[in-house]
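K.L.:
Just need the whole structure built from these sequences, with the hints factored in.
The sequence shown maps to residues 388 to 589 in our numbering.
Heads up, some of the hints might be wrong.
Unchecked claim - FRET-style restraints, in silico, Cβ to Cβ:
#	residue 1	residue 2	range
1	553	466	32 to 42 Å
2	397	492	20 to 30 Å
3	470	516	25 to 35 Å
4	573	553	33 to 43 Å
5	393	505	15 to 25 Å
6	395	445	13 to 23 Å
7	444	407	13 to 23 Å
Keep in mind that the hints were calculated from the coordinates and are not lab data. Even for Gly, the Cβ is constructed at its ideal location relative to N, Cα and C.
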Amino acid sequence: MYEYFIGLITEVTPHYIVLEVDGIGYRVNVANPFSYQVDLDKKQQIYVYQAVRENDVSLFGFKDRQEKQLFLKLISVSGIGPKSALAILATDDHAGLVAAIDGNDETYLTKFPSIGKKTAKQIILDLKDKMSDLATQTPLIDDQLQFSQAEDPVYLKESLEALLALGYTKAEVKRIAKKLRAFEGDSTDQYLREALKLLMKK
Numbered sequence: 388m389y390e391y392f393i394g395l396i397t398e399v400t401p402h403y404i405v406l407e408v409d410g411i412g413y414r415v416n417v418a419n420p421f422s423y424q425v426d427l428d429k430k431q432q433i434y435v436y437q438a439v440r441e442n443d444v445s446l447f448g449f450k451d452r453q454e455k456q457l458f459l460k461l462i463s464v465s466g467i468g469p470k471s472a473l474a475i476l477a478t479d480d481h482a483g484l485v486a487a488i489d490g491n492d493e494t495y496l497t498k499f500p501s502i503g504k505k506t507a508k509q510i511i512l513d514l515k516d517k518m519s520d521l522a523t524q525t526p527l528i529d530d531q532l533q534f535s536q537a538e539d540p541v542y543l544k545e546s547l548e549a550l551l552a553l554g555y556t557k558a559e560v561k562r563i564a565k566k567l568r569a570f571e572g573d574s575t576d577q578y579l580r581e582a583l584k585l586l587m588k589k
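P.N.:
Have a look at this one:
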């Protein structure tokens with residue numbers, strides 16, 4: 388089992404990044420791929436988890452150990468697989484997630500993708516007493532996009548990350564985030580195009 392890779396980020400796509408290590412390009416599924424855009428063609432340390440199934444072997448990547456630990460706790464819950472856990476992490480509301488589990492807040496948990504009432508109860512049942520090691524660490528993780536919300540679609544989140552990677556300031560992105568939530572798109576590209584239109588309207 389791998390703990391982390393150190394390599395060159397050679398490609399960023401809407402769903403994964405490509406990390407080149409010793410001449411081999413690994414496809415690594417990550418929560419918010421466009422947040423890695425600023426690290427393109429740079430050597431980075433990426434924490435990884437290898438998921439092995441009968442007909443599939445996949446790598447899931449994380450920016451730090453804390454994010455990986457949270458991922459591992461989520462996939463230990465019955466009914467939550469690696470892809471669902473990654474979708475939950477993509478909201479960037481890690482501190483809110485930990486607080487909701489500690490506080491038995493099922494309603495808050497159902498705001499996250501892939502979590503219904505039944506799964507929310509299962510998460511609390513399985514993780515209630517296992518989050519103390521993350522409670523003091525997640526605020527550092529959660530400081531990335533304070534203007535984002537847990538219920539935001541993944542496409543919206545990725546478009547906001549892409550704007551930051553393109554050089555827009557957090558203040559500029561925050562200014563259009565509320566209006567962008569009213570937009571209904573089917574892809575990151577659609578959200579990004581709409582965001583750029585809004586930014587042009589000063």
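K.L.:
For each hint given before, does the structure comply? Return the numbers of the non-compliant ones in rising order.
P.N.:
2, 4, 5
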